[in-house]
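Protein chains in written order, with the numbering used here: chain A, 1 to 475; chain B, 1001 to 1095; chain C, 2001 to 2544.
No incorrect hints appear here.
With a straight-line Cα cutoff of 27 angstroms, these simulated DSSO-like cross-link-like pairs (lysine-lysine) come out:
#	chain 1	residue 1	chain 2	residue 2
1	A	Lys340	A	Lys359
2	A	Lys214	B	Lys1092
3	A	Lys79	B	Lys1092
Chain B regions said to be covered by chain A (calculated; three or more residues, Cβ under 8 angstroms):
#	region
4	1055-1069
5	1077-1084
Under 8 angstroms between C-beta atoms, here's a sample of chain A residues computed to sit facing chain C:
#	residue
6	Ala39
7	Ile42
8	Ala43
9	Leu44
10	Pro45
11	Leu48
12	Val50
13	Arg78
14	Phe82
15	Pro84
16	Lys88
17	Gly89
18	Ile141
19	Asp268
20	Phe272
21	Pro278
The hints are simulated quantities; they were obtained by calculation from the structure and are not laboratory data.
Every residue gets a Cβ at the ideal spot worked out from N, C-alpha and C, and that includes glycine.
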Amino acid sequence: MQWEVVIGLEIHTQLSTQTKIFSGASTAFGAEPNTQACAVDIALPGVLPVMNKAAVEKAIRFGLAIGAKVNRKSVFARKNYFYPDLPKGYQISQFELPVVEGGEITIRVGDENKVVRLTRAHLEEDAGKSLHEDFHGMSGIDLNRAGTPLLEIVSEPDMRSAAEAVAYAKALHSLVTWIGICDGNMQEGSFRVDANVSVRPKGQAEFGTRREIKNLNSFKFLEQAIKYEANWQVEQLEDGKKIVQATVLFDPETGQTRVMRTKEDAHDYRYFPDPDLPPLVIDEAQIEQIRGELPELPAAMQARFQSVFGLPAYDAQTLTSSKALANYFEETVAAGADSKLASNWIMGEVAATLNREEKEITQSPVSSERLASLIKRIMDGTIHNKAAKDVFKVLWESDKSVDQLIDELGVRPVDSSVVEGLVDQVLAANAAMVAEFKSGKEKAFNALVGQCMKAAKGKADPAVINDLLKRKLTE
Amino acid sequence: MQLSSDDIRRIARLARIAIDEQETVAMQQQLNGIFGVIEQLQSVNTDGVEPMSHAQDVALRLREDKVTESNQREALQAVAPAVEAGLYLVPKVIE
Amino acid sequence: MPSQFVALQHRCAYLQAFPVAFRPTPFCCRSSLNNELHGTLPTLRPASPFEQAMTTYTLKQAADLLASGKTSAVELASDYLARIESLNPVLNTFITVDREKTLEMAKQADARRAQGQAGVLTGVPVAHKDIFCAEGWRTTCGSKILDNFVSPYDAGVISRCKDAGLVTLGRTNMDEFAMGSSNENSAYGVVKNPWDQTAVPGGSSGGSAAVVAARLAPAATATDTGGSIRQPAAFCGVTGLKPTYGIVSRYGMVAYASSLDQGGPIAQTAEDCALMLNVMAGHDPRDSTSLERAGEDYTGALAQSLKGLRIGMPKEYFGEGLSADVQAAIEAALAEYRKLGAEIVEISLPRTQLAIPAYYVIAPAEASSNLSRFDGVRYGHRAADYQKHINEKTSALEALYEQSRAEGFGTEVKRRILTGAYVLSHGYYDAYYLKAQKVRRLLSEDFQSGFSQCDVIAAPAAPTVAWNLGEKGDDPVAMYLADIYTLGVNLAGLPGIAHPVGFGAQGRPVGLQLIGNYFSESRLLNAAHQFQQVTDWHTRQPGL
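So that you can see chain A by itself, here it is in the shape it has in the complex:
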């Protein structure tokens, strides 16, 4: 039987605010335990929540970026359960009326575009952390993270493979960092993914029973976990077993998922509107102001790169995978580089070197301006592409100018009249090879090119040598 996997994601993005969602305590990462947990965060008797304006603005920004409906009125609710990292015994979240509803994101898998629909995005507070190092058999609770603002973004079950899920998660990650609502730092937990996975026989309309994989904090784990889970579910069904709705955890060590709790012992959260917080009301003016402040979004920029710069879809998509990369590209072009050359260089040499050194584009030692200078020297024929790559290598390590390095490295091409002389010399000195070529051995031609390049000490344009040789050999 052919099986189809169905995936929906719930992604918790930590909103990049200075303070907690309901208190004036700092959200800075890495402080000493409980030094950023104020009276409100630790839920002292009598304390009350007061909503952070920036968190609301960021939620609106997200809603606008995905073309969703930003609800003019949304409601905070209490989700009641007991856990030591949840000081109030309830989490303030949004239940029936979230701040954002609907919207969509286009992802690219292979050569195909696919639209993933979003169900909703709602504001809520994060919990603290349980540290399980041994304190005489006890766990330690750090509430610094408690009350950090989160936007939980819920997709429709629109994805049909782990690859699509990863593409969606990456697109969303790119978007939230692009519009400046989340720092995207997955190690620090700023972007955490829960995946709802089910399988069904291909062609069947109803969904299978889903299991939710909690708290995946890297794209790699997301992919591994979904693949494992989908295979596991298929095996179960093929063995005639049933899938029981459950929440599971992915163990990166074993690469497997294991049950955390089943539906039977699922919590009864007793949601109800939080009486401490009147409804969140967003007016038209506020929405329009935020719309006006929105940067050009990746999809629009991609279209512009194609139409204005004539880039292929692939280039345009790659260059708009992050705002910093897109900026780098635009700056390079603005500094005079040809757009296709710039695109090739950025996706090629620049990206490869950054990858090798595990750096971000913002950390590139070759600024967009220096890259443009280099490209301009290719454009004006000062150096050839191959020579430019050598210059680039040194440029990466040094702060000298492109022109200085061209001189120092002596990579200017040999003059064409000199090249012609060299070709004549090589032909004269390699009569045997010339004879071989003339007798039909194509391979000899390549050897002659090599000889010419060697004679030119690499400073000639291989294309020019090619032309000259062809002409002279067929004369």
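Given the coordinates of chain A, assemble chains B and C onto it according to the supplied hints.
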């Protein structure tokens, strides 16, 4: 409607309050008395009535995103039952 | 009708015959009445004549004395502390008294006055309900679960009182987490009604009402979620105001039912309540339900005439279920209001009965969630031997929660938590919680149609006078039904004032409740003040 003793045990667990058999019996009887009064609500026609969850019809006030709290750990943990290394201690939680 | 009650009514009628200025002093009058009704009074160490004299002041009188330099804050506080030391062992009105802290505050108030920086109430001592967190003060909320909780911060109300220079006399007893109508649910023992120590003082602010009645403080802060200011004020023969929801900050006021809770004052007179409200009310950015309104001087309208004031009498309030003694005292009071120029109009609040079920769904639902934070992890009681309760169904963590909460909470609190958890739980939300919220809307619409016919609504504060200690002991329903006249006001978020209007059965005080529309505190205080200008019920004090 009548609450069973199982209902009492279930909600006591939900509310994390230990309850013994004797208390369960008393609680069941008292809650059924209370729900006898509460049942009156069912006789009211509330079609089309908007639920009222706040005493005042106001919009949420928003706070500027500025840090106003400093580290108060010492004062806040002075009243804690068990702390070590700045952490609140609880029985080991395993997931 | 018991014969004692007839005798009392005669006596009251007899008193009414004297012009106010020539009436026998209330103190003597009450003593003789008590003797007549109960035989001998329970033995109390009598306060010295000096202490007694000093502590019978109203808030206003105390403020005037301080302003004139005839007394100091330290002197005043010392007198009250002496009286508290003598009477608190009998009445149990305070959970915590801290002489040193009080005198230190009094010293600071005197210093402030010496520097010419005194406000109207600087140096006046008041008592605080043990529900307002106050830095450095044990704040128990009447519960064992907070027995060891010393607050690291000040509630909004406490900050405002401090800023005004008020001196804290102590922390008043209350029903645990403000859940109760008799003060019998306190983990710190029952409060005795100063008028009759076999009677309850009302609740949940029983301690605050009793300290004012017993002249252990000129005024006290209190809170009202379903009548917790108005009913004990009525039971103790003092004046109490529950403001419009959102006027007084809830920040630092331990939450019972957040959408209903509201702080307010209890004092001898309406004028004192106005002075206290001037201190207590005001926007607090730390409370999202605190309203942003321009400041108001609540004493400003006190002197206004009541001519033309339309007082609505809901017919549903004055029928079945209201005891005759209370009804008689209230009717007499309304006659007095008529003399002052008010007009009495009959109105209808047709869904009055529904306030009880709506309240006893909504309040417990909110409470069940509000009280989840008391889990023995960050503060408060943690069970010592929770480990004994670990078994195959209960993890160590669950045992810690369940034992700490079982030991820390009293029976009524547990009842309400369980009721609340149930009405919110899966499958019951719509039938109970949502339904109650809709009925809440209908109830508040009833009030609005009532206010289209009148300016204020008159109501009893309770169907009877204070009942006997232990009388409603294990019958929560009987206790809940007695809240019939006060719950609707909280559900709608309206202001209400209760002021003494005489005495009923067994010589126990009767209070009249006036309910106003939103933000009509000044009007309510004005009405009660005018009433208090021509009557002296508010000056009566129990013989202690």
